[in-house]
Amino acid sequence: MAPRLRLFVKKRGQRRTGSRWYGTLAVAALDLALVAIGAAGLYWLLAHVLLAEKETYGWFAWAAIVIPIAPIGYGVTDLIVLVWRNLASTERRAAAVQMATDWELPGMGPHAARTSLPAVPPIDEVVDSAGVRLAYRLPSDAASGQMSFALTFVSVIWNTLVAGFVVSLVRDYYQGELNWRLAWLVVPFALAGAWSVFALVRQILLTAGTGTTLLEIAEHPLYPGQKYEAFLSQTGRLQVRWFQVQLVCEERATYPQGTDTRTDTAIVHRETVFSERKFEIPPGGAFETHFTVAVPTGVMHSFSAAHNAVSWMLVVRGRMARWPEFERHFPLYVFPLPATPVAAATAISPRRIEQGSV
Amino acid sequence: MTQSNDMNGRFPSRHANPFATCWTRPGALPFQFPTGVSAEQLVVQLAATNWRGEIVGPHGSGKSTLVETLKPHLAAAGRSLACITLREGQRRLPTDFVRKSLASARPLLIVDGYEQLSWLSRILLTWRCRRGAAGLLVTSHTPIGHPLLYRTRANLQLVEQLVSTLTASNSSPVSAADVVASHACHGSNLRELLFALYDRHEALTAAEGATARTAAAAPA
Amino acid sequence: MIEAPPITLKLDSAAGEYQPGQRLSGHFMAEGAVPWMVRSAELSILWYTAGKGDEDFAVHHFERFVDEPGRPLDLRLPHRFATALPASPLSYDGRIVKVCWCARLRIYPQQGPETLTEAVFRLGDVSAAPAEA
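Protein chains in written order, with the working numbering: chain Z, 61 to 418; chain P, 120 to 339; chain F, 10 to 142.
Please note that the accuracy of each hint is not assured.
[Said to hold, decoys possible] What follows is a set of in silico ranges between Cβ atoms, one per label pair, in the way DEER data are often shown:
| # | chain 1 | residue 1 | chain 2 | residue 2 | range |
| --- | --- | --- | --- | --- | --- |
| 1 | F | Pro78 | Z | Val141 | 28 to 36 Å |
| 2 | P | Trp238 | Z | Trp244 | 24 to 32 Å |
| 3 | Z | Thr84 | P | Gly251 | 19 to 27 Å |
| 4 | Z | Gly224 | P | Gly251 | 42 to 50 Å |
| 5 | P | Arg218 | Z | Pro356 | 53 to 61 Å |
| 6 | P | Gln280 | Z | Ile129 | 54 to 62 Å |
| 7 | F | Ala24 | Z | Pro316 | 35 to 43 Å |
| 8 | F | Asp83 | Z | Pro316 | 40 to 48 Å |
| 9 | Z | Pro398 | P | Pro191 | 48 to 56 Å |
| 10 | P | Pro191 | F | Pro81 | 47 to 55 Å |
| 11 | P | Ala252 | Z | Gln235 | 53 to 61 Å |
| 12 | F | Met46 | P | Thr154 | 22 to 30 Å |
No lab work stands behind these hints: they were computed from the structure. C-beta: ideal position from N, C-alpha, C; glycine also.
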């Protein structure tokens, strides 16, 4: 039996069920209808309102043209995209997108790191941060800071709202008009607010108690087979049981499956580049040291795509007396080695689109 | 798709590991029916219950894969399919999904992850489908009151069948004992089981590669 | 319906190993003496990911060969292609993420379904990820 016309059949973005062409025709009909409605509205607006005899409107009335133009623009754009999607293969569409992203707008320079090194993440966040002892200060993985910020935000907003209700209830109580139902309703919200304050204080103590870790590096980006000088500073009034810095490479893969989104990680390189045991950090002082980071030869460079990534980082781990073990991540960027002179000499100009046979 | 050069194993490619997600995701791998059961039979069974049914099974047991396998058969039976997969925490259906789905002729709504919906959303959906003479096929981890269409479970025989299908065109050093061990560990959670076999394949392939390099480097 | 003939998609380097910036070239053709009517053929040089995550991909080089009235597309003749390979991403045999490079040929015949043929190659010298770190 032939599949029936469907107005809307779509599952998870790109996949469709049933007849693709009937669905496409339905969407095309919808787009044409939008264009027709917009055109009719534009005609009516111009003929009967804006350009009508004996009627005068200020310049701002012409802004109403946006209303009928919007469905025309949407319908035409969607039609073009529809035709393109149905006539062009996946590779052709990807090639066109890539060509468009290479275009430079007037006044905007090329993004050098991105166009010459596709799929390598930009290193702006490192090279924009100057160090004190060495050239670059590595930004910390912001997870714990984000947690503190999020807790602060939630705690302040939540407790402000709860405080407003509490003040209102107290006022009503002293006026003899207390709403007991509302009062009991506020209790769980107040308890939640108290918990958020407790969690925030705990997070701050945990972050502050283990002090601040600063990492600096002499050069960036890093390349396989090279060695780099690094500097570490750890503050806090601490008795350190053990403390180490590791060079780590992690693969990350994301996959939506069923109702879940699954993210898997795998550590493919872990090497301790610095280690120290049983020392003290005096109050008001800092533990400082220089060490060397050697990137092994033949390793994969930093790679970033929508669902997959290869990331490098320095991981500072330690155990302080009376505090739980802590771990802080400092992202690094490893670039592929520059093309060899022989390879560069045999290069030809890249990418021709829409050419015939060579 | 055909590969015109046989660089398998030498160069990274999707053919390097038969348990990669490109081969195992729902739709890529056909549902393996036990003997005596087929997609056509399930469609007939669903029609007999007025196109209402539920596919029940634990995490990763193949419910989504079964839905993908049934879709072309349901379309061939003349139903207009409207499908949605609910993500974790998604308690309501998207606005207009039901209304647009019911607008077509002989609609059959397929909701993957039905138990994510709130009880109110479920009641509303069932009522609207009944009122619109639409079919409703859902997947869930536990029975939820619709006629049971199929209960997915991954017994060892099914797992071995799956592995055999996957390794038919892309070979693997994973042994039958590895499959048995994975099944013992993950039970009917095929998703976790196949991921475990993925890791096992990678480990064995890496070990084989290391052995080969050591042998090549050893003095004669 | 005419059955699609075997397709040859070959890279000039038998070893299939390339360095960033190096020239990759090759040819494709349909085997056999019987003419095969095609509307167009598309040749892409692209990378994609495989492993445990959803597939990502990007096209580095794209060429389209079209059958035109004045210039018929006869795939029995070898059609050549060439491009300079980029500096990244390099081929990578990771544990859960693999980066794979290939030449992909998609042919749209006048009759019948489209055909897809791939020839994999390696870009760069990245070692495979170890089993456990």
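Hint-by-hint comparison with the structure:
For proline 78(F) and valine 141(Z), the hinted distance range of 28 to 36 Å is satisfied, since their beta carbons lie about 30 Å from each other. Checked against the hint of 24 to 32 Å, the C-beta distance between tryptophan 238(P) and tryptophan 244(Z) comes to roughly 26 Å, which is consistent with it. Range check, threonine 84(Z) to glycine 251(P): about 25 Å between beta-carbon atoms, so the 19 to 27 Å window is met. At roughly 46 Å, the beta carbons of glycine 224(Z) and glycine 251(P) sit within the given window of 42 to 50 Å.
For arginine 218(P) and proline 356(Z), the Cβ-Cβ distance of about 58 Å falls inside the hinted range of 53 to 61 Å, so the restraint holds. Between glutamine 280(P) and isoleucine 129(Z), the C-beta spacing of about 59 Å keeps the proposed range 54 to 62 Å intact. A hinted range of 35 to 43 Å for the beta carbons of alanine 24(F) and proline 316(Z) is consistent with their spacing of about 38 Å. In this structure, aspartate 83(F) and proline 316(Z) meet the distance hint of 40 to 48 Å, their C-beta atoms being roughly 44 Å apart.
With their beta carbons about 51 Å apart, proline 398(Z) and proline 191(P) fall inside the hinted range of 48 to 56 Å. For the pair proline 191(P) and proline 81(F), the beta carbons lie near 37 Å from each other, so the given range of 47 to 55 Å is not met. Restraint check, alanine 252(P) to glutamine 235(Z): a C-beta distance of roughly 59 Å satisfies the suggested window 53 to 61 Å. In this structure, methionine 46(F) and threonine 154(P) break the distance hint of 22 to 30 Å, their C-beta atoms being roughly 44 Å apart.
In the structure shown, a violation is registered for the earlier hints numbered 10 and 12, in ascending order.
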